[in-house]
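**Student:** Counting from 1, position 12 in the sequence shown corresponds to residue 41 in my numbering; the numbering is continuous, with no gaps.
All the pointers check out, no bait thrown in.
Simulated restraints, written as ranges between beta carbons of each label pair: (1) GLU121 x ARG197: 19 to 25 Å; (2) TYR152 x CYS218: 35 to 41 Å; (3) HIS50 x PRO174: 56 to 62 Å; (4) PHE241 x SER189: 24 to 30 Å; (5) ASP134 x GLU191: 31 to 37 Å; (6) THR74 x ILE179: 38 to 44 Å; (7) SER189 x THR212: 30 to 36 Å.
Hints in this document: simulated from the structure, not taken from any laboratory.
For every residue, glycine included, the Cβ atom is placed at its ideal position computed from N, Cα and C.
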Amino acid sequence: NEIINSNKCGPFKFIKNTECHKNNRLYVEIEFLNTGYRKLVDYHTAKKGLVQDPYAPLLCGVGCYGVPKREYIKKELYCWQDMIRRCYEDLERHKAYYGKITVCDRWKCFEYFLDDIIYLPGYNEWLIGGNNYHLDKDKLQQNIPHDQRIYSPQTCVFLSNEENNIIRIKENNKSGVCGAELTPDGSYCVRYNHQYLGRFDDPEAAATIHNFY
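Please model the complete structure; the sequences and the hints are all you need to start from.
**Tutor:** Take a look at the structure:
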């Protein structure tokens, strides 16, 4: 029952009567006190604190890797890491997400993220689609304010860049008319590929001009 602090993963204790020998080395079971996870480790390595708890939140203080049940590719790991960092790493490039968008508790663990993503729409296309597909949280949450959206098995899909751009344009367009910007005087300013096409009082006329171009 001796308690030792590991270098990165908090305190752990040795479990009584679990010692055994492998390859002339002494092994014993330990339990990490913060998570309850148990594993068999080399005794002398453990005494130095050089043991890892897979459920310790080492990524951005919230993400843990767990013990994946299946083999995975780097693309799946990088997808999870990018999601966690976007939401919980306080960097300038993440300012649109940090402190606003969150990840559900289940997906803060890579083990469970890996279990779930194979069932998300678009997973197979993302797996073989190069960089043209990515994990999206907006398509299924368009009726929810942006800063209340969450990454979870129920709210995410894999989308092509083209479809994601359509959703982004739709959400940024406050006029209700595709390709038109509602101006303060109530008219509709139409542009296409950054080209000014005119200003219209009638929303149907604005949409018609945009669709024509």
